[in-house]
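Visitor: Chains as they are written, first to last, in my numbering: chain U, 1 to 436; chain Y, 1001 to 1510; chain G, 2001 to 2315.
Hint data in this document are derived by calculation from the structure and do not stem from the laboratory.
Check before you lean on any hint, since a few could be wrong.
[Unchecked claim] Listed below are the simulated BS3-like cross-link pairs for lysine-lysine, each with C-alpha atoms no more than 25 Å apart in a straight line: (1) Y/LYS1317 x U/LYS141; (2) Y/LYS1175 x Y/LYS1186; (3) G/LYS2039 x Y/LYS1109; (4) Y/LYS1118 x Y/LYS1096; (5) G/LYS2163 x Y/LYS1005; (6) G/LYS2039 x Y/LYS1118; (7) Y/LYS1317 x Y/LYS1007; (8) Y/LYS1078 x Y/LYS1186; (9) Y/LYS1096 x Y/LYS1005; (10) Y/LYS1186 x G/LYS2085; (11) Y/LYS1005 x Y/LYS1078; (12) Y/LYS1007 x G/LYS2039; (13) Y/LYS1175 x G/LYS2039; (14) Y/LYS1109 x Y/LYS1135; (15) Y/LYS1197 x Y/LYS1186; (16) G/LYS2085 x Y/LYS1096; (17) Y/LYS1175 x G/LYS2085; (18) Y/LYS1109 x U/LYS118; (19) Y/LYS1314 x Y/LYS1342; (20) G/LYS2085 x Y/LYS1314; (21) G/LYS2092 x Y/LYS1186; (22) U/LYS129 x Y/LYS1248; (23) Y/LYS1317 x Y/LYS1342; (24) Y/LYS1317 x U/LYS118; (25) Y/LYS1096 x Y/LYS1109; (26) Y/LYS1186 x Y/LYS1007; (27) Y/LYS1344 x Y/LYS1377; (28) Y/LYS1175 x Y/LYS1197; (29) Y/LYS1175 x Y/LYS1078; (30) Y/LYS1314 x U/LYS141; (31) G/LYS2092 x Y/LYS1248; (32) Y/LYS1186 x Y/LYS1005; (33) Y/LYS1096 x G/LYS2163.
[Stated by the list, open to error] Covered, in the sense of this in silico footprint (three residues per stretch, anywhere, with C-beta under 8 Å from a C-beta of chain G), are these stretches of chain U: (34) 37 to 48; (35) 219 to 225.
Since the structure is predicted, the reported quantities are computational estimates derived from the model, not experimental observations.
All C-beta atoms in this analysis are idealised placements derived from N, C-alpha and C, irrespective of residue type, glycine included.
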Amino acid sequence: MAMSVFRFARRTWASEDLEHIAPVPLPKMATPAVVLSSLVVIALLLFVSIGPLVWRQDPSQQWLSQISAGPSAPHSVRLIRDNGPWQPPVSEPVQSLVVHDANTEFVRLQWPQIEGVKRYRVYRASAHKAGLGLAIAETDKSYYQDQLQLSYQIYRYTIADADSGLLLLAREVRPEAAISLFEAQLQGLVPVGKSRRHAKWLEIPGHPLGTDALGRDILARLMAGGRTSLFVGVVAPLLYISFGCIFGAIAGLAGGWVDQAAMRFVDFVVALPFLLFMILFRVAFGIGPGENGIMPLIVAMLMLSWPGSARLIRGQVLALRGQAFVEAAKLAGVSTSRVILRHMLPNVLPMILVAFSFAIPQAIFTEAFLSFIGMGVSPPTTSWGALCNDGIKTLLSHPRQLLLPALFISVSVLAFNLLGDALRDATDRRAGVAKA
Amino acid sequence: MDADKAKVTLALATEPPTLNSAVATDTIASFILAHLMEGLLVYGPDGELAPGVALRWQLDADGAHFWLREDARWSDGKPVTAHDFVFAWRHALNPKTASQYAFIFYPIKNAEAVNEGKLAPSELGVRAISDTELKVEFGSPCPYFLSLTAFMTFLPLREDVLAQWGGRYAADEDKLTVNGPYLLTKWVHGAHLQLRKNPQYWHSASVRINEIDMPYITADPSSQFNLFRDQQIAMAPLDTGLLSEAVKRGFDIEYFHTGSLYFLEFNFREGRITANRAFRKAVQRLIDPAVLVNKIIGLPGIQPAYSLFPVTVKGLKRSFREEYPVLRVDPDIAAARAYIRKAKAELGISEIPPLMLLAGDSPRALQEAEYYQYLFKNGLGIELRIDQQVFKQRLEKMRRGDFDLVSAAWGPDYDDIMTFADLFASWNDNNRGRYNNALYDRWIRVAQHSNDPRTRFNAMAQIQRIVVDDVPILPTYENGALYVQNPRLRGVRRNIFGGDPLFRYAWIER
Amino acid sequence: MLKFIAKRLLSGAITIWFIATATFFAMHAVPGDPLTQEKAMSPTVRAQLEARYGLDKPLSEQYQLFLGNMLRGDFGISFTQENRKVNDIISKHFPISAILGLAAVLIALVGGVAAGTVAAYYRNRWPDRLVMIGVIAAISVPGFVIAGLAQLIIVAMNNAAGKTLLPVAGWGSVNHIWVPALVLGLGTMAYLSRIMRASMLEVLSADFNTAAKAKGVHGLRLFWHHQLRNAVLPVVTELGPTIAGVTTGGFVVELIFAIPGLGRYFVQAVQQLDYTVIMGTTVFYGAFLVLVVVLVDISYGLIDPRIRLHGGGGR
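Using the sequences and the hints, build the whole thing.
Guide: So, in C-alpha cells, the structure goes:
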C-alpha cells in the first residue's frame, strides 16, 4: 500500500537526520514509554512462542463441521454415518412440510406434491431474521436434502413455487450438532476400519476465538501467523541492516573511489520503485515446491532495503573518523579493527538500534501487504497478513476473521514504533529541546 | 439504472483486451461483442438458436448453406453480405492473424491446412455464392456447426475497415464498424465503456434497453457489491464472503450454471506417482466433491461433479447426464488407504514422496488447495505441497508438466459434448497431464467420424465410464455464478454460449 | 552550478538505465512469457506471435532492441491490451495516479499542519492527546484495512442518507477523489503532523516568538507571519519525496476504489507477464522518482550553497 512506500522513505529521512547528530554515550533508556512498549513486545513474543504450548491446537486442522463458527466451548456432537444422497421412503406420503432428520450435516425435508406446481424453490433463513433468506435450490421433486454449510442455529425453511413465486409451506428447524463419520475418521476421533460399532456421540474441542472459512482454530492461527510475521519482521531488518552497516562502514573507512562507487550504487538501489520491485522479485523468485515462501520474501527485502542503513553508517563513520578521540587512538597505535570495535561501534550502536526498531514495523507491514495481495507466504504456513487476506473476503459476514489479525498487526507495529520513538528520544539530544 | 431512459449501468471486471472478433478470446470481449455484433445465427431469448444475419439455413452431413437477410446493415449503412463472413473466416485462419481460436474452424474443409500456411486462405471450404448466399463445406462431420456460427470468431468483419485501421482495428470506439443491436459509443481505456442502441440494426425495434453504461472497471467483488448496494449498478457478482450480507439485505440472489467443469488433473509423464492407477483410485475415494462444494465453497448453484460432462451438456433430447447417468463413487478412507498400500506395492516404494499440487492464486483455488493438502495429510499420510502460481506461470508449468496434480478448469468452446470429450485424447495439446489411453482415443475417433447422434452419445457414455474407472482426472465441481440483480431489470439472459450476460432481450420494469 | 546540475542529471540517467536493466532481466527470469494462454496454441500461431513481438530473438538482442527503443521513448505495444501502445497507457493513466497522489498529499499537508499546530498549542492537553492517538492509529492500521473500512462507511452513510453522498468507487468526478485520496494520504498526514508538532513546539519556545509578542504582535498576525511560516519549513522540505512516494504507491487504493491509475496496470501486467507494460511502467516510475530527487537536490543546491561542496560526493 502507498503508506508502506512512504513509511520506508520516512525511515531513510529519519536516519538522514541522525547523520548530523553528534554521537552521544548511551543515555538512560528505561523511560516509561520504553518499558511499556517493551512489555507489549515481550507479550507478543510470548504469545507466539509459549502460546502454542498452552493452546495445543493444530493451526492447520480443518474442522469441516464448524466452518466460520463463532467462539465455542468443547462440546459433544452426534456421529452421522450416512450423509450420501437421500430420497424419502416412497410408502409414506406426507401432509405437511416434514423434517425427516436434522443435524448440521444434513436437513432432510419432504413436502406434499402440490397440484399445478412444476418446480419448487427451497429457501433457507435464520429463524431470528426476517425474510425468505437464501434460495438454496430449485427442484421438481417434493423432497430435498440440504447440506450447504449448516451451522448450529435455528433455520426457517420455506418452500415456494419457483415459477409464480407463491409461498407454499414453511417450518422452523433446529439441526443437532453433528459430525460425519468421514470427518471423524479423518480427525482420528474414531478408528478407520470396517467396524460399525462407533460411539453415537463424540467430544470435540472448543474454539475460543471461533474458526475461519476452513474450520481452523483462529487462536491457533493467530499464534502461528504471528510467528511468521514477527520472524520476518525481525530477521529481515536484522539482515538488511547488518548488510547495510557493513557496506556503509567499508565505504566510509575505505574512502576515495571505493566510497564514491559504493555510494553511487546505493543511489541506484534507492531509486528502484520499492513495491514494484518487491512484487517483481517475488514473482521472479517464485516459491519453489513446498517452500513456505518466507525466504524469498526476506531475500527480496534484503535486496531492496539495505541502502538506508548503509548511508547512515557511512555518514557516522565519516564523522567519527575525523574526531579527536579516534585520531588519538590511531596515533596511539591501536589497530584499525580495534578502533572500530572499541571506539566506533559503541558510538553508532544506539543509532543502529533506533533504525532497527523502526525497521521492524516496516518489515511487518511489508510482509502483511505482500501476503495480502497474495504474494507472501505459502500454505500451510500462514502470517498475520495472510490471515487478513483470508479475512477480508468475509469482512461483511464474519468481520472477526479480518479484525483479529489486523489488530495484532496494529498492536505490534504500534509497540515497535513507540519503542523506536522512545529509543530515539533517549539518544537524540535535540529531543530534549523539543520536549521542553 | 434508469427506467425513463432505459439505461442500465454495470461494472466490468476487466477491460476487454481487444474487440477484434477474429482474435478475441476472453469472456468480457465475448459479452461486449454479443451486443455489438450479430453472427449468422444468434441465441434467442430462451437460449435457443435463432436467425441472426442468416434468415434460413440448411445443414447436411458434408456442409451447410445459409441464406442471409437483405436488411442487415453495418453501422455505416452498408449491407452485411456473405463476403463479410468469408473474409472474416479466412482472416481468422490466416496464420498471420495468429488467432488462438482458429482451431474452432477446423471442421471446415482445408481449415487446418490454411491455418498452418500450407494452403492459401482462398482454398478454405467456404464460398459466397452471392451477396446473400453462403456455402460451407465440411472436412469432417460437424453436427454442431449451427451453434458455432453464433460464436464470436465466426462474426463478420469488414475488409475495408480492417484495412483502414490495420493493427489498431477495434482499439478505440471510433475504430470499428458493427452490425449488432448496439454501438460502442465510448471507450475510455481502463475506466469506461458505453453501448447505445444501434439505429441501423435491422431489428432495432425489438431492442428495449437503450443504453448499457459501464463506468466502473474493477475485479474486486466487494467493490462491485458495494456499488450495487449503493444502487449505482444493476448487477453484481457474489462470492462466499458476500453471500450472507446479500441475504441479510434481502437482495434477490440468482445463480446460473456457467457450463464449466473444475477438476484435478493428474500427471501421467514418466516417473510420476500419479501415473499409477491405484494411487489415483485412492485420491478418488478420498476427495468427496459433495464435501468440497457444501462445506468449503458453500455457495448454492455450484454443484459437485462426478462426470467429465457437466449437466449442461446436451444429449439426444435432454441433458446427456439424465440420459446416461454417471456412477457416483462414495468416499471411504479405509478403501483409499488400501489403494495406497496397493500403489506402494506396485511402485515398489515404502513411502509416497511429497507431491506437488499446482494451484491458481484466486482465493477459492487457494482454499481448495489447502483442503486437499489437509485431506492428503490426515487421510493418506501424504505430504501435498502447494505450488501457488499467478496466472501465466501456472499455465507455463502446466504446459511443461511441472506438477503432480493440478487444479484446472475447462469451459466449453462450442455447444457440443465433444468440447469436453476430446480434452484427454492423447493428441490434444490441452491434455496437460499427457493422459494416453488407446481405448479413450478410440471412442473419441468413433464419435468424431460419426454423424449419427446415437453412436456419438454411446461413445461418450464409454468415455464417461473410463473417466470414473481409470481416473485420468478427478472432477470436483461444476461452476455456478451467483449474482444479485436489480429486480426491476428483467429478461437478462445468462448464457454459457453467445455472450454473458445478454441484454439484447432485457427490459426495465417500471 | 551548471556542472553540479549536469552531474546530477547524468547520474539520474545512469540510475534509470540501471533500473531498466534490473527490471528487464528480473522479468525474463520469470518462467513463462506473455504469450502463454489458457488454451494450448498451435506451433504456427505461436511462432507468428513470437515473431510479431520479437520474442524469437535471443535475449541479448531483445535487450539491445529494448534499450534502443527506450532511448527513443518508445516502449512498444502491450501484450494483454492488444492494440494499445504502452506510451498511451502511461500517458492516459499516470495523470490519474498523479491527481490522486497530489490530492492525497494536499489533504495530508493541510490536515497534518492543522493537527500538528493544534497539538503543539495544546501540548499535553486533550487535543494533543487526541491528535497523537489519531497519528498512532493511522500509522499502525494496515492501509488495506483502512481502505476496505472506508468503503463500508460510505455505503452506510449513503444508505442512511437515502442518496449518494459520495460514490463508493469509480473515477470521473471531483467527488470520486476525496475518499481514496484521504485513505492514501492518511499515513503521510500522520507523519507530517508529528513533524509539524515538533517544529511548532520549537517555534513557540523560540526567542523571536517571544520578541514578536513583546513587540505587540497578536492573534492571527502573530500566528500567520511568525509562527506558521517558520514552523512549516521542515514540513515543506519533506514534500518532494512524499509526492513521489504517494504518487507511485497508490495501487491498492486504485484496486479497491476501481480507479484506473497506472499502479493497477502494473500489478495486472506483472501477473499477466506483460513484458512491455512492466518495462514501461517501471522505467517511467523510476524516472519520475529520480527526477523528483534530482529536482529536490538542485533546489537545495540553489538555496543552500553549503550542499554544493559535497553535493558531487553523494551524501
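Visitor: Regarding the pair G/LYS2085 and Y/LYS1096, is the alpha-carbon distance no greater than 25 Å?
Guide: holds, 20 Å
Visitor: Taking only the CA atoms, is the gap from Y/LYS1314 to Y/LYS1342 under or equal to 25 Å?
Guide: violated, 38 Å
Visitor: Is the hinted pair Y/LYS1314 and U/LYS141 satisfied, with a Cα-Cα distance of at most 25 Å?
Guide: holds, 22 Å
Visitor: For the pair we were handed, Y/LYS1317 and U/LYS118, check the Cα-Cα distance against 25 Å.
Guide: This hinted pair holds, its Cα atoms lying about 20 Å apart.
Visitor: Check the hint pairing G/LYS2085 with Y/LYS1314 against an upper bound of 25 Å on the C-alpha distance.
Guide: Violated - the C-alpha atoms of Y/LYS1314 and G/LYS2085 are around 43 Å apart, more than 25 Å.
Visitor: For the pair supplied as a hint, Y/LYS1096 and Y/LYS1109, is the alpha-carbon distance within the 25 Å limit?
Guide: holds, 19 Å
Visitor: Has the given pair, Y/LYS1186 with Y/LYS1005, been kept, meaning a C-alpha gap of at most 25 Å?
Guide: holds, 17 Å
Visitor: Holds or violated: Y/LYS1317 with Y/LYS1342, Cα cutoff 25 Å?
Guide: violated, 42 Å
Visitor: Sort out whether Y/LYS1186 lies within 25 Å of Y/LYS1078, counting only the CA atoms.
Guide: Distance ~22 Å between Y/LYS1078 and Y/LYS1186 Cα, so the pair holds.
Visitor: Is it true that the CA of Y/LYS1317 sits at most 25 Å from the CA of U/LYS141?
Guide: holds, 21 Å
Visitor: Can you confirm whether the C-alpha distance between Y/LYS1109 and Y/LYS1135 stays at or below 25 Å?
Guide: holds, 12 Å
Visitor: For the pair supplied as a hint, G/LYS2092 and Y/LYS1248, is the alpha-carbon distance within the 25 Å limit?
Guide: Violated. G/LYS2092 to Y/LYS1248 sits at ~40 Å, over the 25 Å cutoff.
Of the numbered hints listed earlier, those contradicted by the structure are 7, 9, 11, 12, 13, 18, 19, 20, 23, 31, 33, 34, 35.
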